[in-house]
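Chains as they are written, first to last, in the working numbering: chain A, 1 to 594; chain B, 1 to 594.
These are calculated hints, taken from the structure and not from any lab test. Fair warning: there could be bad hints in the mix.
Heads up, the list lumps identical chains together, so a pair's fine if it works in one copy or across two of them.
As the list claims (entries may be wrong) - Mimicking BS3-like on lysine-lysine, the simulated pairs with C-alpha atoms at most 27 Å apart in a straight line are:
no., residue 1, residue 2
1, 75, 460
2, 157, 217
3, 217, 139
4, 101, 498
5, 65, 498
Note that the structure is predicted; figures quoted are calculated from it, not measured.
Number of protein chains: 2
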Amino acid sequence: MLRNVTCGELRISDINKDVTLCGWVQGVRDKGSLVWIDLRDRYGITQITLETEKLPAALCEQAKKLGREFVIQVKGKVAERYSKTDKIETGGIEIIPAEIKVLNEAITPPFTIEDDTDGGDELRMKYRYLDLRRTLVRKNLELRHRLAIETRNYLDKQNFLEVETPVLIKSTPEGARDFVVPSRMHAGQFYALPQSPQTFKQLLMVSGFDRYYQLVKCFRDEDLRADRQPEFTQIDCEMSFVEQEDILQTFEGLVRHLFKSVKGIDIPALSRMTYGDAMKYYGNDKPDIRFEMKFVELNDVVKGKDFKVFNDAELVVGICAKGAAEYTRKQLDELTDFVKRPQIGATGLVYARYNTDGTIKSSVDKFYNEEDLKKWATAFNAQPGDLLLILAGAEEKTRKALSELRLEMGNRLGLRDKNTFACHWVIDFPLLEWNDGDPNLLASLAGRWHAKHHPFTSPKPEDIELLKTNPGAVRANAYDMVINGVEIGGGSIRIFSKDLQAQMFDILGFTKEEAQKQFGFLMNAFEYGAPPHGGLAFGFDRLCSLFGGSDSIRDFIAFPKNNAGRDVMIDSPSEIHDEQLRELSIDVRKSVSG
Amino acid sequence: MLRNVTCGELRISDINKDVTLCGWVQGVRDKGSLVWIDLRDRYGITQITLETEKLPAALCEQAKKLGREFVIQVKGKVAERYSKTDKIETGGIEIIPAEIKVLNEAITPPFTIEDDTDGGDELRMKYRYLDLRRTLVRKNLELRHRLAIETRNYLDKQNFLEVETPVLIKSTPEGARDFVVPSRMHAGQFYALPQSPQTFKQLLMVSGFDRYYQLVKCFRDEDLRADRQPEFTQIDCEMSFVEQEDILQTFEGLVRHLFKSVKGIDIPALSRMTYGDAMKYYGNDKPDIRFEMKFVELNDVVKGKDFKVFNDAELVVGICAKGAAEYTRKQLDELTDFVKRPQIGATGLVYARYNTDGTIKSSVDKFYNEEDLKKWATAFNAQPGDLLLILAGAEEKTRKALSELRLEMGNRLGLRDKNTFACHWVIDFPLLEWNDGDPNLLASLAGRWHAKHHPFTSPKPEDIELLKTNPGAVRANAYDMVINGVEIGGGSIRIFSKDLQAQMFDILGFTKEEAQKQFGFLMNAFEYGAPPHGGLAFGFDRLCSLFGGSDSIRDFIAFPKNNAGRDVMIDSPSEIHDEQLRELSIDVRKSVSG
Chain A
1 MLRNVTCGEL RISDINKDVT LCGWVQGVRD KGSLVWIDLR DRYGITQITL
51 ETEKLPAALC EQAKKLGREF VIQVKGKVAE RYSKTDKIET GGIEIIPAEI
101 KVLNEAITPP FTIEDDTDGG DELRMKYRYL DLRRTLVRKN LELRHRLAIE
151 TRNYLDKQNF LEVETPVLIK STPEGARDFV VPSRMHAGQF YALPQSPQTF
201 KQLLMVSGFD RYYQLVKCFR DEDLRADRQP EFTQIDCEMS FVEQEDILQT
251 FEGLVRHLFK SVKGIDIPAL SRMTYGDAMK YYGNDKPDIR FEMKFVELND
301 VVKGKDFKVF NDAELVVGIC AKGAAEYTRK QLDELTDFVK RPQIGATGLV
351 YARYNTDGTI KSSVDKFYNE EDLKKWATAF NAQPGDLLLI LAGAEEKTRK
401 ALSELRLEMG NRLGLRDKNT FACHWVIDFP LLEWNDGDPN LLASLAGRWH
451 AKHHPFTSPK PEDIELLKTN PGAVRANAYD MVINGVEIGG GSIRIFSKDL
501 QAQMFDILGF TKEEAQKQFG FLMNAFEYGA PPHGGLAFGF DRLCSLFGGS
551 DSIRDFIAFP KNNAGRDVMI DSPSEIHDEQ LRELSIDVRK SVSG
Chain B
1 MLRNVTCGEL RISDINKDVT LCGWVQGVRD KGSLVWIDLR DRYGITQITL
51 ETEKLPAALC EQAKKLGREF VIQVKGKVAE RYSKTDKIET GGIEIIPAEI
101 KVLNEAITPP FTIEDDTDGG DELRMKYRYL DLRRTLVRKN LELRHRLAIE
151 TRNYLDKQNF LEVETPVLIK STPEGARDFV VPSRMHAGQF YALPQSPQTF
201 KQLLMVSGFD RYYQLVKCFR DEDLRADRQP EFTQIDCEMS FVEQEDILQT
251 FEGLVRHLFK SVKGIDIPAL SRMTYGDAMK YYGNDKPDIR FEMKFVELND
301 VVKGKDFKVF NDAELVVGIC AKGAAEYTRK QLDELTDFVK RPQIGATGLV
351 YARYNTDGTI KSSVDKFYNE EDLKKWATAF NAQPGDLLLI LAGAEEKTRK
401 ALSELRLEMG NRLGLRDKNT FACHWVIDFP LLEWNDGDPN LLASLAGRWH
451 AKHHPFTSPK PEDIELLKTN PGAVRANAYD MVINGVEIGG GSIRIFSKDL
501 QAQMFDILGF TKEEAQKQFG FLMNAFEYGA PPHGGLAFGF DRLCSLFGGS
551 DSIRDFIAFP KNNAGRDVMI DSPSEIHDEQ LRELSIDVRK SVSG
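Use the sequences and the hints to build the structure in full.
In structure tokens form, the structure reads like this:
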């Protein structure tokens, strides 16, 4: 070993020990008679101190010439520090060097290796190996490691077996887009990378594995958004002989274990909310319940006056922002601008201030008198000092817009603290949704029912009859875990009967032949004694970012891709040799527009 | 939960408890007045017993009609068993059922779900989900799970961080063949799947991660052999500020921990052997040292008589099979046939029996008298009762053939017990080997030096000068861990200087531009303060099969591919939709021969 201690471990009790350390030069301060080197490694920072009058001149000269990020080995003796600091754990000691060896020099990094770096996003992605030197980024990945270890510990204790499922599988173009892999040995044929190990984990249940999990890479060829990556990691789980309640209990247990073991936080038992209530009270299937501010529907209260906007609206709905009656005109204008942004799309915002003196003033006083407005306040159960914010329009769009406004108000009122965690389940999702032309699906799939969760999700037994008459009304035994308004995990009880599975594929627009070709192996497996089973998957990247108090999963992935799906550090994807294309029996199309 | 106990947990102490079990019907025995059901799940087998005179007729009728592999739920009471058995852990009890519910029926499986199944390989692969029901196969995957958990426990305690590296990376056609993934968003460009996370783990060292590991899927588009899979799992590790000795100690510790914690076996400290000695004494860079039987070179002893075969041979070399002098003519003929098989390729086998009466008889008595043969015996240090087996010919080929014969003799003499484990290191590998036209490399790479380990392996400092004059003689700081003649892991100390890395690429026939295009990110990283580092990777599938006492890694992979790289269960690879090809900007070539 080129060292016998790390840069994070020496304490007062180590004084007079002869030690050898290795690390990176964080910085050199030269005060003439004193030279300090801050030596950094993963474990901490240790100060090397040279009193130039006491040490050989050559050694001191060498120390002064060390550049930022040089890799050095220092042999010396541990001494008590003159001016101690408790800012770093080794702040009680320093090293009096006897020898300094430069293991590798370094040119000047393109940005500073500090928490508060001067490097922009693009530069840091290109030099990701330097960005990863920053303590902040490394701590994120240490957190990820710890979460993975604790996840495995918990599931292992619960008798789950980690089973690796294949990465080279088969394309199922009826879901989101697959990444595919041309086969050299089978010309014209392709493997696909898994969007999830769904069918394999169900087969493991048919095999009697009883409890399965895997921390597993999954792949989805989507048009990327800021918080999506083409490859992502799931905590993927499945259990046999269970009902929905058992799954909820088991994985609520996992998340509570993670909060306790990794963050020392006790999370109470998770509350549950139906999908219907989530949409009704929060306009959102993943409501942030760190704060209340539920939707209040106002059609009965506001219609019938001369205000055309409300009279013509399918839905008038609002929220009550506690204690915000003092909002200035400027603040209210900002909120109006916020809801009118194209991505939110409301046409306007109506507000009413319930002043602390008991009066109510609204932006529509022309149409509503004080008595009318009192009725509004009653509907909201508002108190003096509250601010009512109201949107009107087509139902679905208005709920969605109000949901955004609610979250914005939560931010403005400081109700969304990153160190507060509100976890709950959303249950009773619809089984199906109509695909109007989802850009993440092949164009040929538009105008068909699409499985809201996936085609293997079981309808609620009491709703099965509706499959024939009103598929959109069928509820699924499906559930999402939501933490702070983020969907952290989701799953379902699965279909385990061949006939019901066949019926499901029929509703999704598969011909019998297509269903057999794509998923015959699974439907056949159901004939050989399939147990009742269900499971779920957590988005591990997102779980890490939530635990780390960040909105971006990219900060918790060692080598992420950018929004165009590129790894700018290694410059991938890239062209390949003609010899490779020839061996794989494929050509690149000359015209991209084709 | 559909059960409150599993089929493996009830004991005498549970008598009179009311229980609910779920599982698969292993079998039903109907003796008229008594009907027994063996109910199976992952945890064991529990017997359900029906005394037909004491229980409702309908229940008994239902029990008799249950088919093999039906999934049922049984409610009943635990009773003491009349005729106890200690063959199964629940052998002291049985269940008197009150209710049996069929959760799912099963058609007759295509083979029996028993350790000793009647299903052939192909059938079992097609119905892998049924094959996985067999206790034998499930135990293999349970072993794999346990090994993964213990690997992580050990490395976590040693301060290693598990970091996930990307799966969608960049093609480096200078190694073995890559699997590639066409990019939809970047027409004409491709990602590649990693053959190993080599460059990423080195970048993590440049980042100061200090100790990295990952259990990670890797991919290699090779022509497959029985023990190869296109996707395989590695325990991938890297450490900073270490020398070769530190790596050997650390990972010898891992393997000893695994043997101890998973199999309860104490493995002694690992011995070391140079590559040169391995080739000289065993004709093999991964010698099985469960038994001695070292090669003895005989050129000095046997040449100069009238036996042309020996006189003309570049090398005459043999082994001494202890106690095998009594081998019959038939057995010796079998050995001759063995070495003459095309894949071994010897032209013949010379033997000499050192009989227990002290006489020596050889297959070449025409040319060598008793006195000559005594000299042979002396060279081998043979004792009366031993059999000498000798091959002659071109050096490399002859060593290789004798290595095969040695292993065959080890098998025949019972010296290769699967429950005995001999672990050791092979060190000082050559840095380079000449590529005469390796079928696993692109044809255009033939006639060049090829990195024996990989291009990032460091030459021994004392051999660096030879890089210019005699590259083939340069030894690397590279090492393999060998257990029972299987290469279980291998690694090296890495180059960490940009100049040396550039020199290495030059020797491997890269132009400066190619090297920069493929590996510029790594060489640039070396300029920003790269620490000395090294690491290794274990073949996890192979480690599992070794621990499980099997020669085939396929038995330890849940859903393996066959020798043609196909998953016959899901029928993959397969054709994809034209719409997919169009979106990916690729065409399938009409003529495969192109």
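Comparing the hints with the structure gives:
1. 75 / 460: between (70 Å within a copy, 25 Å between copies)
2. 157 / 217: Cα proximity of residue 157 and residue 217: in one copy and across copies (23 Å, 25 Å).
3. 217 / 139: both (22 Å within a copy, 25 Å between copies)
4. 101 / 498: between (70 Å within a copy, 19 Å between copies)
5. 65 / 498: For residue 65 and residue 498, the Cα distance is within 27 Å only across copies (21 Å; inside one copy 74 Å).
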